[in-house]
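S.K.: Each chain, written out:
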Amino acid sequence: MLLVVEQFLNGLQFGLLLFLLAAGLTLVFGIMDFVNLAHGSLYMMGAYFTATFVAWTGSFVVGVLLALGATLLLGIVLEFVALRHLYGRDHLDHVLATFGLILFFNDAVRLIWGPAGLALPLPAWLTVPIQIMPGVFYPSYRLAIIVVSLLVAIFLYVMVMRTRLGMLIRAGASNREMIGALGINIKLLYTLVFGLAAALAGLAGLMQAPILTVQIGMGENILILAFVIIVIGGIGSIRGAFLAAIFVGMIDTLGRAFLPDLLRRVLSSATASTAAPALSSMLIYLVMAIVLVLRPEGLFPANRR
Amino acid sequence: MSASFNARNAVAALVVAGLVLLPLYTSLSGNVFALTLFTRIVIFALAAVSLNLIMGYGGMMSFGHAAYLGIGGYAVGILAFEGTGSGFIQWPVALAASALFALVIGALSLRTRGVYFIMITLAFAQMAYYVASGLARYGGDDGLTIYKRSDFGGLINLSNRVQFYYLCLGCLLGGIYLVWRIVNSRFGMVVQGLRSNEARMQAIGFPATRYRLVCFVIAGTLCGLAGALLANNTDFVSPAVMYWTRSGDLMVMVILGGMGSLFGPVIGAVVYLVLEEFLSQLTEYWALIMGPLLLLIVLFGRGGIVGLLGRLDRG
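Quick note, the sequences are listed as chains X and H, same order.
Mapping of the first sequence onto the working numbering: residues 20 to 324, in sequence order.
Mapping of the second sequence onto the working numbering: residues 1435 to 1749, in sequence order.
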């Protein structure tokens, strides 16, 4: 029972983290119609920036804030210098150009920070376990991730649905020419959205950093998970991304935690222990395949233009 | 495609002539490394040619094409590990396994379009990657060493560098010929018609998905052959050959050379891999140059190298 609660919370935490990544991806895709493979690189940069700034300033909070700003800035520069010239091009061009960016970022990180990973130590106040139920303790840092991610999700919802900026973003998504003709600076709007997406990716990266190590290529596997999420959720839909992210986070975490035991009941223990890791890694892709076969547009498709 | 003289055909002919004569150069100069490098290049060119069939002619943007490299490779590796050394068994199994995988994932993926297709093929290839990583008996993450190359009796000796090179080159030229025949056949016309206008083709009465699926399976099988060659070339197969960046490399080769042109992928593979080799000798951080270069190619070089040559012809 204890383990179930803990794994359930872990799944929720991982799902919310994935949501931060997927939300940026789906915003950029839904609004600019741009496929950004380099989103995982921004996630990685967020983690590296944090590790660096925390070491420099000696304060976790200040380091995190500086890193967020740096990732935001990096996203804006990237969009301004290169990616904005690719809007309206074929998706394949996007894939290729951002693939080039991944190569670039991986080697840039290797050059600057070296090939070995970094560790990001947590401050003492984030390492104490918190009692969430009688007898059930949960690491306060993971709890903090859940809270921060939920706050960001609410912030995103309010911003997109309730503010003037969000209205412009939605209008830009449905008709680019019209909103430009009405005198809105659509280029600036796109740059802002891209910066926001970059900051979200950076936030996801820096929050994951203390749990795993900060290393080259850390963004790539999780980027593919984020793609799976937006495909399941329906590309361009933030609500879909949210639900699918929680779903995928749960399946992945619970699958890894409980599948080996389940398999051991059916198969011999040797077979089970070899099959279980592969099967739990595959589980998400199986789910995606099933979803796409049943609903090729994803579970919650954004309104078609 | 007209046979008249132009820059495009001239470059294609030059590349083929260069590849055919390469062993002559290496045996005269004693530069064995060039032969090793170009064996690898020829194998990847074959994979790129197969990807071009679906991507360039069929309009199916597969981001999981490296999976077949791994499947072909693992078929050879696993059979060799279990004591079946004959190439007459290994290679047909490699082709059949790739074809079967292509059939299954094609049937599922072709239900989707556009960017969904890019992502679902990517996801399936990742799935294959994780399965290979989970094969503890065959090395798991660390991969599987192949102690003896495929045995074709007295027909050909794969351990002889020159013979193996010519086998790879023969497969490449055969692959290009196959693609040429397909593209100019009725079947190929239908597939290309589906790329240009699916609704119209369906209205005439062609079953779109069935045609695409057959094309997808042919391309997958051809890439499985490249996988079998690659495993023999490196005497090793590991999940890394199916990692998604490998699929990205293949896409880059096709686009760099020129999508939807017969020799474009070959030129792309040669340029990409020679550039990679050159830059990595120059500096350890070759991707620092390669990455922005790709970006520039996308920004300014539409249609790839073959497209550039075509513009040269028109003046």
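Please keep in mind that the hints were generated in silico from the structure rather than gathered at the bench.
Treat the hints with care, since some could be wrong.
Examples of chain X residues toward chain H, derived with CB under 10 Å [unchecked claim]:
#, residue
1, 101
2, 249
3, 276
4, 278
5, 279
6, 301
7, 318
It should be emphasised that the depicted structure is a prediction, and the values quoted were computed from it without experimental measurement.
We put the beta carbon where it would ideally sit given N, CA and C, even for glycine.
S.K.: The structure should be examined with respect to each hint, and the outcome stated for every one.
M.R.: Hint check:
{"no.": "1", "hint": "101", "result": "6 Å, holds"}
{"no.": "2", "hint": "249", "result": "8 Å, holds"}
{"no.": "3", "hint": "276", "result": "17 Å, violated"}
{"no.": "4", "hint": "278", "result": "12 Å, violated"}
{"no.": "5", "hint": "279", "result": "12 Å, violated"}
{"no.": "6", "hint": "301", "result": "5 Å, holds"}
{"no.": "7", "hint": "318", "result": "13 Å, violated"}
Figure legend: structure checked against the earlier numbered hints; hints not met, in rising order: 3, 4, 5 and 7.
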